[in-house]
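With these hints in hand, go ahead and build the complete structure from the sequences.
Just so you know, the sequences run in chain order A and B. Residues 1 to 518 in my numbering are what the first sequence spells out, letter by letter. Residues 1001 to 1160 in my numbering are what the second sequence spells out, letter by letter.
Quick caveat, the hints were computed from the structure, so don't treat them as lab data. Keep in mind that a hint or two might mislead.
Stated by the list, open to error - Subject to a maximum C-alpha distance of 27 Å in a straight line, what follows is the list of computed BS3-like cross-link-like pairs (lysine-lysine):
{"#": "1", "chain 1": "A", "residue 1": "Lys263", "chain 2": "B", "residue 2": "Lys1037"}
{"#": "2", "chain 1": "B", "residue 1": "Lys1102", "chain 2": "B", "residue 2": "Lys1077"}
{"#": "3", "chain 1": "B", "residue 1": "Lys1148", "chain 2": "A", "residue 2": "Lys263"}
{"#": "4", "chain 1": "A", "residue 1": "Lys217", "chain 2": "A", "residue 2": "Lys321"}
{"#": "5", "chain 1": "B", "residue 1": "Lys1037", "chain 2": "B", "residue 2": "Lys1077"}
{"#": "6", "chain 1": "B", "residue 1": "Lys1154", "chain 2": "B", "residue 2": "Lys1102"}
{"#": "7", "chain 1": "A", "residue 1": "Lys443", "chain 2": "A", "residue 2": "Lys283"}
{"#": "8", "chain 1": "B", "residue 1": "Lys1037", "chain 2": "A", "residue 2": "Lys427"}
{"#": "9", "chain 1": "B", "residue 1": "Lys1102", "chain 2": "A", "residue 2": "Lys283"}
{"#": "10", "chain 1": "B", "residue 1": "Lys1139", "chain 2": "B", "residue 2": "Lys1102"}
{"#": "11", "chain 1": "A", "residue 1": "Lys467", "chain 2": "A", "residue 2": "Lys513"}
{"#": "12", "chain 1": "A", "residue 1": "Lys217", "chain 2": "A", "residue 2": "Lys283"}
{"#": "13", "chain 1": "A", "residue 1": "Lys283", "chain 2": "A", "residue 2": "Lys255"}
{"#": "14", "chain 1": "A", "residue 1": "Lys255", "chain 2": "A", "residue 2": "Lys321"}
{"#": "15", "chain 1": "A", "residue 1": "Lys443", "chain 2": "A", "residue 2": "Lys467"}
{"#": "16", "chain 1": "B", "residue 1": "Lys1148", "chain 2": "B", "residue 2": "Lys1077"}
{"#": "17", "chain 1": "A", "residue 1": "Lys27", "chain 2": "B", "residue 2": "Lys1148"}
{"#": "18", "chain 1": "B", "residue 1": "Lys1139", "chain 2": "A", "residue 2": "Lys27"}
{"#": "19", "chain 1": "A", "residue 1": "Lys290", "chain 2": "A", "residue 2": "Lys263"}
{"#": "20", "chain 1": "A", "residue 1": "Lys131", "chain 2": "A", "residue 2": "Lys427"}
{"#": "21", "chain 1": "B", "residue 1": "Lys1077", "chain 2": "A", "residue 2": "Lys263"}
What the hints assert, rightly or not - Counterexamples of contact, computed for chain B against chain A with all Cβ distances above 12 Å:
{"#": "22", "residue": "Gln1015"}
{"#": "23", "residue": "Pro1024"}
{"#": "24", "residue": "Gly1025"}
{"#": "25", "residue": "Leu1031"}
{"#": "26", "residue": "Leu1038"}
{"#": "27", "residue": "Leu1053"}
{"#": "28", "residue": "Arg1057"}
{"#": "29", "residue": "Glu1101"}
{"#": "30", "residue": "Lys1154"}
For every residue, glycine included, the Cβ atom is placed at its ideal position computed from N, Cα and C.
Okay, here's what each chain looks like letter by letter:
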Amino acid sequence: MSFTVFVPCDSAALAAGADEVVDAIHKEAAARGLAIDVQRNSSRGMFWLEPLVEVVTPQGRIGYGPVAFEDVPSLFSADFLNGGQHPLSLGITDQIPYLAKQQRLTFARMGITRPLSLDDYAAHGGWVGLKNTVAMDGSAVVQEVLDSGLRGRGGAAFPAGIKWRTVRGTTAAQKYVVCNADEGDSGTFSDRMTMEGDPYMLIEGMAIAGLAVGATKGYIYIRSEYPHGIATMQTAIAMAESAGYLGANVLGSGKAFHLIVRKAAGSYVCGEETAMLESIEGKRGIVRAKPPLPALEGLFGQPTVINNVITLASVPIIMAKGAAFYKDFGVGRSTGTLPFQIAGNILQGGLVERAFGLTLRELLIDFGGGSRSGRPIKAVQVGGPLGAYVPESQWDVPLDYEAYAAMGAVVGHGGIVVHDDSANMAKLARYAMEFCAIESCGKCTPCRIGSTRGMETIDRIGTSKNKEQQVHLLRDLCNTMLHGSLCAMGGMTPYPVLSALNHYPADFGLETKEAQVL
Amino acid sequence: MNSTQALPEQALIQQLVQQHADEPGALLPLLHDIQDKLGFIPASSVAAIAEGLNLSRAEVHGVITYYHHFRSTAPGKHVIQVCRAEACQSCGSEELWALAEKLLGCNGHETSANGMYSLEPVYCLGLCASSPAVQIGDKLHSRVNQAKLTRLVKSLESVA
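Structure (structure tokens):
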């Protein structure tokens, strides 16, 4: 009999040596005269267990991990092909608490299916949303997305349905759907996992958007740091097109939708939507002033829906199961689920999809298992490089857009970076300013010059005799950046800086009182 | 670069320019193609690109120099990218960066004197749950500690 073994092809598995494990499995099977079918699946998102090798058994898939190529002979000796016990045994993968405690809607297929298999996608609920869409009027589709309460998952949390309605209401020879896959935030990888692991979900979401608003062309702007994501999306688009899910006649609807992948070129600020449009148009990624809104005058001056990968990837399940189903998850105006990404100095880093409303403490302790170094967790940056550092006193605030905004923080794209007590928060605050100086597009003064002045001022807090004066300057500068910048790059860099200053004054060599001047 | 090598290079650039000429917003895809083929975008190609896409040379030069990904000079035999973003910092990437400079014998954005290595900072490879991350050529490595980086660089010496 033949055995089926799954080894993920996600970048995080490859970086941990998944290809070497596959080679070792083939070699060992050949040496033992066993017939083995090794399949490459997406990742379950439990990255401390990668490469996670799974074997198909009558009880379900049984996992082993993290497997190094040196472990492979002993796995065979332990009869892992029949689920045998081994020091790396994890039991039935679906029952691992980290997975069992999640609410996977968008990431339901992640780690289970083979990324490019159209059969796998269809067998696990794929294309249902698109089929429903084809049978509906575009305005009803827009209404469904509005009713779901889906908000932009890229960070700004703007209601997706309102953008769609605006674009649908325009008259233009050409409208566009642009997917922002420029996932540059440190601590985030849900877009990468989606593109590498479940590309048809994104394609389906974009096709639904195109049909709903009357756009016949879509672009996916993917960062150059994600070569595997780019390659997978390109192949998936070609396969979806030949199967009739994209192209001149989407599912026989008589409507066209074509998709093009655009490779970015390493500019962080191109994750800002108007800078991204400039970049797709072949220019420097300089932020545009708004208005005009991209929904009215976007790509090449035409009405354009711009959404993040996870926003668009959330649409198929909304169109498959209905707005009410999706809206049932979450709290208040934060409806649905968010794939949180636990990263940095954390024991069990990975992807946790849960409804809004759980707390940081649950993510850090129940899922994450505390710091990887074993030292106490000191600060947690939520929402990427432009998000605030959240001290332990705020770990019990529910993760929803409004509750986080109320305490001067952001949920953003759901990235969570953990630092232990060896972190120096003044250094990290300086880094935030430095990163802004490196990546600023240069169009507005608060961001272009403020970031460099910010670095200098933080340095002077450390060396100056009159520290209070420097703190006053820094706060004043942050105020200018917050209110005077053209986009979130300069406008949110003060979040990490001020939160570090407010919660960790000692790292700046300050007494609490000194840090509070202004 | 001598003239015998320069000729096919210009021909290649012309060919790529023509391939992209009718594409909306063609400049970035074209620059990627050139860099993928040649390893960098030679200054001598700017005029041909500008003419082919009906842009000014300043616009082309501006785009090449704006984006971190595009290089105007040839990289070393091996390009080593060390992630310096927050998630990697939290697990020791700054110490790793200092070690990389020492092992490779060059600073960031530079190529070692023997032409073997180019060291580049990168701000996120999307491997933030298994940091620190390093990319060598097109191969990714996660959870890179000092010993692992030393071993990886050693292994490059043998494929010199």
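Now for the hints, and whether the structure bears them out:
no. : hint                  : result
1   : A:Lys263 - B:Lys1037  : 16 Å, holds
2   : B:Lys1102 - B:Lys1077 : 17 Å, holds
3   : B:Lys1148 - A:Lys263  : 31 Å, violated
4   : A:Lys217 - A:Lys321   : 26 Å, holds
5   : B:Lys1037 - B:Lys1077 : 14 Å, holds
6   : B:Lys1154 - B:Lys1102 : 13 Å, holds
7   : A:Lys443 - A:Lys283   : 14 Å, holds
8   : B:Lys1037 - A:Lys427  : 40 Å, violated
9   : B:Lys1102 - A:Lys283  : 37 Å, violated
10  : B:Lys1139 - B:Lys1102 : 21 Å, holds
11  : A:Lys467 - A:Lys513   : 11 Å, holds
12  : A:Lys217 - A:Lys283   : 20 Å, holds
13  : A:Lys283 - A:Lys255   : 31 Å, violated
14  : A:Lys255 - A:Lys321   : 23 Å, holds
15  : A:Lys443 - A:Lys467   : 31 Å, violated
16  : B:Lys1148 - B:Lys1077 : 20 Å, holds
17  : A:Lys27 - B:Lys1148   : 25 Å, holds
18  : B:Lys1139 - A:Lys27   : 22 Å, holds
19  : A:Lys290 - A:Lys263   : 25 Å, holds
20  : A:Lys131 - A:Lys427   : 52 Å, violated
21  : B:Lys1077 - A:Lys263  : 24 Å, holds
22  : Gln1015               : 19 Å, holds
23  : Pro1024               : 6 Å, violated
24  : Gly1025               : 4 Å, violated
25  : Leu1031               : 7 Å, violated
26  : Leu1038               : 16 Å, holds
27  : Leu1053               : 8 Å, violated
28  : Arg1057               : 14 Å, holds
29  : Glu1101               : 18 Å, holds
30  : Lys1154               : 17 Å, holds
The structure fails hints 3, 8, 9, 13, 15, 20, 23, 24, 25, 27 (numbered hints given earlier, in ascending order).
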